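Student: Single-letter residue listing:
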Amino acid sequence: MSALVPLLVGIPLLGAAINLIFGRRKKTQIVVSVASLSAVLVLGAVLLVTVDTSGPIAVALAGWDIPLGIVLYVDVLAALLVVVTAVVLLAVLLFSIGQGAADNDEDTPVSIFYPAYLILGAGIFNAFIAGDLFNLYVGFEILLVASYVLITLGSTEQRIRAGVVYIVVSLVSSILFLAAIAMVYGALGTVNMVQISERMAQLPQDTQTILHLMLLLAFAIKAAVFPLSFWLPDSYPTAPAPVTAVFAGLLTKVGVYAIIRTETQLFVSNDLNFLLMMVALATMIVGILGAVAQAELKRILSFTLVSHIGYMIFGLAINTPLAVGATIYYIVHHIIVQTTLFLAVGLIERRAGSTSILKVKGLMRGAPLLAVLYFIPAINLGGLPPFSGFIGKYALFDAAAQIGTPVMMVLIVGGVVTSILTLYALMRAWNLSFWREQEDSPETVERIAYLGNAPAAGISTEKRTIPRIMTLATAGMVTVTIALTVFAGPLLDACLRAGERITEGVTLVQLQDEGAE
Amino acid sequence: MSISLVLVIVMGVLFACGVYAMLERSLTRVLIGFLLLGNAANLLLLIVMGRPGIAPFYDGGETDAAEMSDALPQALTLTAIVITFGISAFLLALIYRSWQLGQADTVVDDAEDVALRERTAGEPEDAMDEESRSDDEDVTTDFVGDVASPIRVLHQGDLSSLVDDAPVDRVAVRRDGPGVRRGSDGAASPPPQTDDGAGSADGREDGDRS
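Listed in order, the protein sequences are those of chains A and B.
Note that the first sequence covers residues 54 to 570 in this note's numbering.
Note that the second sequence covers residues 9 to 218 in this note's numbering.
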């Protein structure tokens, strides 16, 4: 079984190489991309079942024994996120294939899209299964370099401008991460996560705090935690729709995943929970207030993305097994729902020729299927029962209420307010874009006049047809969001088990045993 | 663990210079800053290696482990160098493309941010803004108002006799706006307009690809 683990990274990289060789043949590229991501999905599912039934797998690469060499480590958390990532990547790939086929755009450098997309996947998988800090760094770099290419795809002036913000911010966070790894190695003499967690307790508290803060800072930039989230709404909305969808769903979550490992594994004996709680509250509130002020759908979604990162940080700050489990469930929910919403907005953009809620109107009459595809994930994200957003938030608030301190109560209230405001922002967009008639009455014009001041309120693009495969990909994702609700019981159980396992911690001996099996 | 003080100082200076250069608006300076930061981080990795010793695994395991150099930070540094190299190459391509589009390697303001700023500039300001407004009179930062000192391409300046033979993917536009004039005293030229290349026919400028 352990021989399969490196394939999670190897298959997408191999697929990318083949894609580069066949740069001129679009069909070959499509087949190879779909095949390699499907293979990873199957592999991830097999690993998830194995890991859930018979315990984590550790793989020592290149013949070095476990604390010395590079270790790949797959536990329930990693395997679950690999499966979810593969599902999302596959759905968005289908969406982009539909888009590319419909536009038949000679200018779009699709020959670089597929390889970059697969390398992005390889980086994400590598980050999830990394067993040491440096391999995590390498995973981050792989996915970041691929994301640099994707966010500046086509290199128009606007995308270069937005891409530069993203790239420079990412560079800074990478350097911080590298410096933090050097400091950790200097202090502890290892980069293996299990060994770090065993030796960390011997360090004085202030040294621990410095290392902890450096790592958190690097990851918080990637996860877009307030006040380090300013770059996200600036750079995401300009990228092509499929790229934005993947970035929004996955890239920030890799940062959150790294924070999970940091909090639950590396720094068990060092407590920054109060700081994390305040940051989580600020992320939720500031993010959602930003979303309320926007009139452009992609910007609204980018701001809700930032604000919902706050929930995950909140769960980690509670730092009980239950809370970590709830956070994992929330991450899974949020990856899928946020991606689906961005895909739905991509469809709206094609159908209506704009993403500004001032300009899009009358879609309910014109495109009822699109309305369903937007509405379900929207109320899901807003946290209405019975959807997974409600279940995830309920599990989080439950974990917080069990602690029951006044700070927890404040955060719960903050979370509820954020949830309501999310619903408000998304439903306002829903009302204006879908229910509004083609001709505005004077009262409506007056009532929405204040939105005219919002950024990008006047944006419009070319109207295009929606190919069936794009609708199918989006509908497939909507089905997955519903499945998250229907199978919430087993999924939440698996997440809670993962949370328990992580907070228990792993010793080096266990790791070596798992590697020997 | 004894470490070399000189190396630590060099690392500190590199970090400081790198951060300073990265704060600039010019992308070329950002690249230089990134290179300095990358080298500083690599130096940090080498510093945590500790005292250098004999090469490990050199003579069939007869060397005492205490006399060996720690090999792991070297491996990490090598990996980091390769990554820095790759990203630098990408940044160079980005700078080149940025220059093709706007004849300058500076990062222009977001059009929406500019619009927002202009809209709020007309509104009456709160008493709380009193202090910052008085500062704005004489102090400008890189990201408000004029660009400090963008790296501009020569043929855009007064050296009109220079021929630009760099490959471009569109017809170069020659303009005689205020942005072209550069005084010999090195005075800052106005920020490059966001619509620098908008007037030219650029087949790739297809905003609908998103």
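Among the clues, some could well be false.
Far from chain B by the CB rule (all over 12 Å, computed), these chain A residues [said to hold, decoys possible]:
#  : residue
1  : E194
2  : I195
3  : R212
4  : L224
5  : A235
6  : V345
7  : M417
8  : F428
9  : N506
10 : P520
11 : I522
In silico contact screen, one side only, chain A against chain B (beta carbon under 8 Å); selected entries [said to hold, decoys possible]:
#  : residue
12 : I83
13 : V84
14 : V87
15 : T205
Selected chain B positions facing chain A (in silico; Cβ < 7 Å) [unchecked claim]:
#  : residue
16 : F42
17 : L43
18 : L51
19 : V56
20 : Y104
I should point out that these hints are in silico values taken from the structure, not numbers from a laboratory.
Fair warning: this is a prediction, and the values are worked out from it, not measured in the lab.
Ideal Cβ positions, reconstructed from N, Cα and C, are used throughout, including at glycine.
Student: Would you check whether the claim that F428(A) is not at the interface survives, using Cβ distances to chain B and the 12 Å cut-off?
Tutor: Its Cβ never comes within 12 Å of chain B, the nearest being 23 Å, so this holds.
Student: Taking the least C-beta to C-beta distance, is L51(B) closer than 7 Å to chain A?
Tutor: violated, 9 Å
Student: So is V345(A) really clear of chain B, every C-beta pair being over 12 Å apart?
Tutor: holds, 16 Å
Student: Please verify that the nearest CB of chain B lies beyond 12 Å from R212(A)'s CB.
Tutor: violated, 9 Å
Student: Grab the minimum beta-carbon distance between P520(A) and chain B and tell me whether it stays above 12 Å.
Tutor: holds, 15 Å
Student: Closest CB-CB distance from I522(A) to chain B, is it above 12 Å?
Tutor: Per Cβ check, I522(A) is outside 12 Å of chain B; nearest 18 Å; holds.
Student: For the hint on I83(A), does the least C-beta distance to chain B fall short of 8 Å?
Tutor: At 18 Å from the nearest chain B Cβ, I83(A) fails the 8 Å test, so the hint is violated.
Student: Does F42(B) pass the interface check with chain A, least Cβ-Cβ distance below 7 Å?
Tutor: Hint on F42(B): holds, closest Cβ of chain A at ~5 Å, below 7 Å.
Student: If we take the beta carbon of M417(A), is the closest beta carbon in chain B still more than 12 Å away?
Tutor: holds, 24 Å
Student: So, as I understand it, the hint says V87(A) touches chain B; can you test that by seeing if any CB pair is closer than 8 Å?
Tutor: With a closest approach of 22 Å, the V87(A) hint is violated.
Student: Per the CB criterion, is L43(B) less than 7 Å away from chain A?
Tutor: At about 11 Å, which exceeds the 7 Å cut-off, the nearest Cβ of chain A leaves the hint on L43(B) violated.
Student: Beyond 12 Å from chain B, beta-carbon-wise, is A235(A)?
Tutor: violated, 4 Å
The structure fails to meet hints 1, 2, 3, 4, 5, 9, 12, 13, 14, 17, 18, 20 from the earlier list, while all remaining hints are met.
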